[in-house]
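Use these hints to put chain B onto chain A, whose structure you have.
Protein chains in written order, with the numbering used here: chain A, 34 to 216; chain B, 4 to 100.
The reader is advised that the hints may include incorrect statements.
[As the list claims (entries may be wrong)] Which stretches of chain A does chain B cover? Using the computed rule of at least three CB atoms under 8 Å from a CB of chain B, they are:
hint: 1; segment: 48–55
hint: 2; segment: 68–82
hint: 3; segment: 88–100
hint: 4; segment: 106–116
hint: 5; segment: 136–149
hint: 6; segment: 173–186
Calculated from the structure, these hints are not laboratory results. Owing to the predicted nature of the structure, the values given are computational and were not obtained by experimental measurement. Beta carbons are placed, not taken as given, at the ideal position from N, Cα and C, and that holds for glycine.
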Amino acid sequence: MDNYGLFYQFHFYLFGIIAIVAAVTFVTRKSPVAAAMWLVVVMFCLAAEYVMLDAQFIAAMQVLLYAGAIMVIFLFVIMLLNLGEASDIADVRGIWGKLLAGFVGLVLLAEVGVLTRTGIPSGKFVVGRDYLGAQLARYGAVGAVAKPLYQDYALAFELTSVLLLVAISGAVILGRKESTSAR
Amino acid sequence: MLAESLGLSAILFVIGVIGVLTRRNAIIIFLCVELMLNAVNLTFVALSRYYGMGGQVFVLFVMTVAAAEAAVGLAIIISIFRHKQTVDLRNINVMKG
Numbered sequence: 034m035d036n037y038g039l040f041y042q043f044h045f046y047l048f049g050i051i052a053i054v055a056a057v058t059f060v061t062r063k064s065p066v067a068a069a070m071w072l073v074v075v076m077f078c079l080a081a082e083y084v085m086l087d088a089q090f091i092a093a094m095q096v097l098l099y100a101g102a103i104m105v106i107f108l109f110v111i112m113l114l115n116l117g118e119a120s121d122i123a124d125v126r127g128i129w130g131k132l133l134a135g136f137v138g139l140v141l142l143a144e145v146g147v148l149t150r151t152g153i154p155s156g157k158f159v160v161g162r163d164y165l166g167a168q169l170a171r172y173g174a175v176g177a178v179a180k181p182l183y184q185d186y187a188l189a190f191e192l193t194s195v196l197l198l199v200a201i202s203g204a205v206i207l208g209r210k211e212s213t214s215a216r
Numbered sequence: 004m005l006a007e008s009l010g011l012s013a014i015l016f017v018i019g020v021i022g023v024l025t026r027r028n029a030i031i032i033f034l035c036v037e038l039m040l041n042a043v044n045l046t047f048v049a050l051s052r053y054y055g056m057g058g059q060v061f062v063l064f065v066m067t068v069a070a071a072e073a074a075v076g077l078a079i080i081i082s083i084f085r086h087k088q089t090v091d092l093r094n095i096n097v098m099k100g
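Isolated chain A (complex conformation) (with noise of 0.2 Å):
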């Protein structure tokens, strides 16, 4: 495996633990707004993580598009329906609800058990192992995304701005109201 100094992975396992403890307090927090906040953390600690992968602007994306803007439309909505208080019925399913999710997570753990033994598949996909930072070093940080992006993937990157558009007509029909769309 690669050499890491112990800087590095002291740092990414901080990270990382700070992330799953955030992620669990988040899914068991009853008020929304709370919830939402804790996930802002995990979202923090994974932009952390994404720099330390060699992936800066995917970091800085993570934490404008997601830490930012997504997660102010859901607390926009989280306080524009007045949900912000923890709603007096638990909302948390019943036993049945329980076991099924500790089943599934134990088997989807399962299958990262097994997978983490096998290691990736070295194939002609691999590339080398400082091709990346021969890329940022050579493009820069945005360059070595945008380079990609704009000249393999160019069509999937103009399909987007369809999908947005749809998304942005699919809003304001879904959120108008009634009496208007009636006439």
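Just chain B, lined up with the frame of chain A:
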């Protein structure tokens, strides 16, 4: 750090799945879906060190899809709230046969 990244991603994904299966608040279920998308993004970024830049480009696409999904989903939640005055999934069962 590939194994650690994949393990962290898997644990976060499992937490998201468990949240979707155990909670009844529609907004919290949406947030759990976002957590699962984030876990998948971590997998993409971790593997992009071995398989080239495509993984990081895909993370951008996933973020776009997540934004679109959040916009449409929250609009649906708002319009349901207008009818039912609640986002508790026990009270939203009009599609049940």
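Each hint, compared with the structure:
1. 48–55: Result for this restraint: holds, n = 3.
2. 68–82: holds (count 7)
3. 88–100: holds (count 7)
4. 106–116: holds (count 7)
5. 136–149: The restraint on the segment 136–149 of chain A holds, since 8 of its residues have a Cβ under 8 Å from chain B and three suffice.
6. 173–186: holds (count 7)
Of the numbered hints given earlier, the model fails none.
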